[in-house]
Amino acid sequence: MTSLKDSSPLTTHVLNTGDGLPAARMALSLHRLDPQLVLWSLITVGTTDSDGRCPGLISREAFTPGLYKMRFETGQYWESLGQTCFHPYVEVVFSITESDQRYHLPLLFSRYSYSTYKGS
Amino acid sequence: MTTRLQHIRDHILAENKCMDMTSPLPSPLTTHVLNTGMGVPGAGMALSLHRLDPVTSAWSLITAGTTNDDGRCPGLITRECFTPGVYKIRFESGQYWEGLGETCFYPYIEIVFNITDAAQKFHVPLLLSRFSYSTYRGS
Chain A
717 MTSLKDSSPL TTHVLNTGDG LPAARMALSL HRLDPQLVLW SLITVGTTDS
767 DGRCPGLISR EAFTPGLYKM RFETGQYWES LGQTCFHPYV EVVFSITESD
817 QRYHLPLLFS RYSYSTYKGS
Chain B
578 MTTRLQHIRD HILAENKCMD MTSPLPSPLT THVLNTGMGV PGAGMALSLH
628 RLDPVTSAWS LITAGTTNDD GRCPGLITRE CFTPGVYKIR FESGQYWEGL
678 GETCFYPYIE IVFNITDAAQ KFHVPLLLSR FSYSTYRGS
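These protein sequence lines map, in sequence, to chains A and B. If you read the first sequence in my numbering, its first letter stands for residue 717, the second for the next number, and so on. If you read the second sequence in my numbering, its first letter stands for residue 578, the second for the next number, and so on.
Bear in mind the hints are in silico, worked out from the structure with no lab data behind them. Hints may contain errors.
[What the hints assert, rightly or not] Straight-line alpha carbon distances no greater than 25 angstroms define the calculated DSS-like cross-link-like pairs of lysine-lysine that follow:
id, chain 1, residue 1, chain 2, residue 2
1, B, Lys665, B, Lys698
2, B, Lys665, A, Lys785
3, A, Lys834, B, Lys665
[To be verified] Every beta carbon over 10 angstroms from chain B, so not counted as near; a handful from chain A, in silico:
id, residue
4, Val754
5, Gly768
6, Pro771
7, Ser775
The C-beta atom is built at its ideal place from N, Cα and C for all residues, glycine as well.
Let the sequences and hints guide you as you build the complete structure.
In structure tokens:
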């Protein structure tokens with residue numbers, strides 16, 4: 717994974733807006749939809765670092781056009797902080813048509829809300 | 578609403594009393610879709626409510642509907658059927674933007690939420706543009 721650091725064409729940044737902190741040590745996973753089987757294939761499992769980032773999500777070669785899903789284990793995260801959460805997990809499904817671009821998918825969340833956007 | 582969704586809705590209405598859009602009692606669960614990209618309600622968006630079966634870990638469809646001109650969808654679920662558990666609302670965002678002649682980064686949006694105290698009212702809005710969305714527990 718070290719050789720892929722900062723070079724993944726897909727990045728994320730998870731921010732705990734309830735506490736005003738990066739969301740460190742949140743488990744997340746990246747999946748791609750197999751168009752023929754109509755099944756989700758797991759590409760990467762990771763945990764955010766102290767800055768709420770997870771480098772090395774996918775290599776440029778593996779990042780082909782298609783439907784992807786990022787799943788964030790928000791319920792587990794809040795549970796580890798001794799809190800409940802309205803959303804047991806967050807799955808963001810997105811469509812990649814031009815895979816030679818870079819995509820940044822942040823997640824801003826609190827115990828009762830979240831937002832995401834296509835960033836840079 | 579697409580023909581497929583109409584068939585599903587008719588089937589559910591015939592066999593399931595959990596969806597009742599004619600009931601005078603308001604649904605304990607409501608949503609509101611707002612198109613923040615254009616500054617208008619998200620009207621005519623297909624959506625569906627599902628409950629997770631804790632034994633089989635499979636999702637069961639409760640309601641399929643379409644938002645009205647104000648981006649709302651009354652009658653999502655009856656008070657009797659609204660029991661504690663994990664629910665999800667699926668919004669057909671890709672279809673919605675396609676209907677406006679635009680693409681959308683999100684082909685659909687599923688918001689999964691946990692209901693522990695089903696005696697309360699829960700409002701789960703969706704604020705949506707072509708490249709962003711947000712949701713929160715409202716009132």
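Given the proposed pairing of Lys665 (chain B) with Lys785 (chain A), does the C-alpha separation stay at or below 25 angstroms?
-> holds, 16 angstroms
Would the least Cβ to Cβ distance between Val754 (chain A) and chain B come out above 10 angstroms?
-> Fine: 13 angstroms to the nearest Cβ keeps Val754 (chain A) off the interface.
Gly768 (chain A) clear of chain B by more than 10 angstroms, beta carbon to beta carbon?
-> holds, 18 angstroms
Please confirm whether Pro771 (chain A) is truly not at the interface, meaning its C-beta sits more than 10 angstroms away from all C-beta atoms of chain B.
-> At about 22 angstroms from chain B, Pro771 (chain A) clears the 10 angstroms cut-off, so the statement holds.
10 angstroms cut-off, C-beta based - Ser775 (chain A) kept clear of every residue in chain B = Ser775 (chain A) clear of chain B: closest Cβ-Cβ about 22 angstroms, beyond 10 angstroms.
For the pair we were handed, Lys834 (chain A) and Lys665 (chain B), check the Cα-Cα distance against 25 angstroms.
-> Distance ~23 angstroms between Lys834 (chain A) and Lys665 (chain B) Cα, so the pair holds.
Given the hint that Lys665 (chain B) pairs with Lys698 (chain B), test it: the Cα-Cα distance must not exceed 25 angstroms.
-> holds, 16 angstroms
When held up to the earlier numbered hints, the structure conflicts with none and fits them all.
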